[in-house]
Amino acid sequence: MYDVLDSRSVLEVLRPVEDPELRKSLVELNMIRNVKIDGGKVSFTLVLTTPACPLREFIVEDCKKAVKKLPGVTDVSIEVTAETPQQKSLPDASGELRQRTGISGVKNIIAVSSGKGGVGKSTVAVNVAVALAQTGAKVGLLDADIYGPNDPTMLGLADAQITVRSSETGDILEPAFNHGVKLVSMGFLIDRDQPVIWRGPMLNGVIRQFLYQVQWGELDYLIVDMPPGTGDAQLTLTQAVPMAGAVIVTTPQNVALLDSRKGLRMFQQMNVPVLGIVENMSYFIPPDQPDKQYDIFGSGGGSKTAAELGVPLLGCVPLEISTRVGGDSGVPIVVGDPDSASAKALTAIALTIAGKVSVAALT
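When you line the sequence shown up against UniProt numbering, it's residues 1 to 363, in that order.
Because the hints were derived from the structure by calculation, they are not lab data. Keep in mind the model is a prediction, meaning the values are calculated, not measured. Treat the hints with care, since some could be wrong.
Taking lysine-lysine pairs in the BS3-like style, the calculated list, with each CA pair at most 27 Å apart, reads [unchecked claim]:
no., residue 1, residue 2
1, Lys344, Lys68
2, Lys36, Lys64
3, Lys36, Lys65
4, Lys116, Lys64
5, Lys304, Lys344
6, Lys65, Lys116
Pair by pair, the computed Cβ-Cβ distance ranges are [to be verified]:
no., residue 1, residue 2, range
7, Asp328, Gly40, 51 to 61 Å
8, Val359, Asp328, 51 to 61 Å
9, Glu83, Met202, 50 to 60 Å
10, Glu57, Ser166, 44 to 54 Å
11, Gly148, Pro338, 50 to 60 Å
12, Val4, Phe177, 44 to 54 Å
Backbone N, C-alpha and C define an ideal beta-carbon position, used for all residues, glycine too.
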């Protein structure tokens, strides 16, 4: 069918190969670029929609199989890069496009939220951020839990000194950096034992400062670790910036699930896409008997709630002592013990989130 081995014939055999999540041709999506022919050697660039693509190897293998069908091909070389798409502006709850102000250089803003405290929301937010950074994505983490800022400790930045510089538009905060993630938190601006005793307007003001008066630079993802509940912080964030989506963290027991449902509905009412539910502390794995599991907080609550509310269950994270140790020591579990069950679950959740955000941006 193809008498001449050239770039056109390569693109034609690649045209039937689809992105598994977008269900569209890689060629039509302009994901195949820089096709070069050198004798029987074919090389090209595959541009994915996220560095965290969970199906990367699958797509590469499909491309190689397709090109090798061409007569005369002796070798196929694929350079894999990524261009994370910019999130789209969505209408607000009234159906009209609200004038939300994006953050310069930040492509996707993702909220990690929960209806109540103590469900491991910050653990999920920190590890998802680090897992995304491990794939090569540019990631920031905004600790919006003003009253209980724990992310500096969990990211190994409890003693970090941050810089505030003056500019024509006001003071600009330089984020701290560790494990591949840029971090801004109230924890950097107050003493360790100092309580934050603020009313709503002050809370709203500092969240807006963290959004717009921080030198975030170029980011594929800005993860926002929200405070528990459905109060001022959530309202400020959803009204201020265009959001790629929200992730709801819960534990399996009913008291947590009841509150998580309220948080999920709040984002839906504000017309923020809910990417899915993460069930944390799904079961306990004793360190001396890693083959056993104990359902301390019950089981199946996350999957049941996700099914009832019509949203995906992004994953279930077990309860392991090493996860707590990593959070206390500033070495997230995805870094400190990447082969653990918790780290594998959190990494898979991060890749799933990235995939969903890319699909939403391109459809």
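Hint check results:
Note on Lys344 and Lys68: the hinted pairing is violated, with a Cα-Cα distance of about 34 Å set against a maximum of 27 Å. For the proposed pair Lys36 and Lys64, the alpha carbon gap of about 14 Å is at most 27 Å, so the pair holds. For the given pair, Lys36 sits about 17 Å from Lys65 by alpha-carbon distance, which is consistent with the 27 Å threshold. Proposed proximity of Lys116 and Lys64 is contradicted: the alpha carbons are some 48 Å apart, above 27 Å.
Simply put, Lys304 and Lys344 have alpha-carbon atoms about 22 Å apart, close enough for the 27 Å limit, and the pair holds. Taking the CA atoms of Lys65 and Lys116, the gap is about 49 Å. The hint is violated against a cut of 27 Å. Restraint check, Asp328 to Gly40: a C-beta distance of roughly 56 Å satisfies the suggested window 51 to 61 Å. The beta-carbon spacing between Val359 and Asp328, approximately 36 Å, falls outside the hinted interval of 51 to 61 Å.
As the Cβ distance of Glu83 to Met202 is approximately 39 Å, the hint placing it in 50 to 60 Å is violated. Separation of Glu57 from Ser166 is about 48 Å and conforms to the stated range, judged on CB atoms against 44 to 54 Å. Roughly 27 Å separates the CB atoms of Gly148 and Pro338, a value that falls outside the hinted 50 to 60 Å. Between Val4 and Phe177, the C-beta spacing of about 51 Å keeps the proposed range 44 to 54 Å intact.
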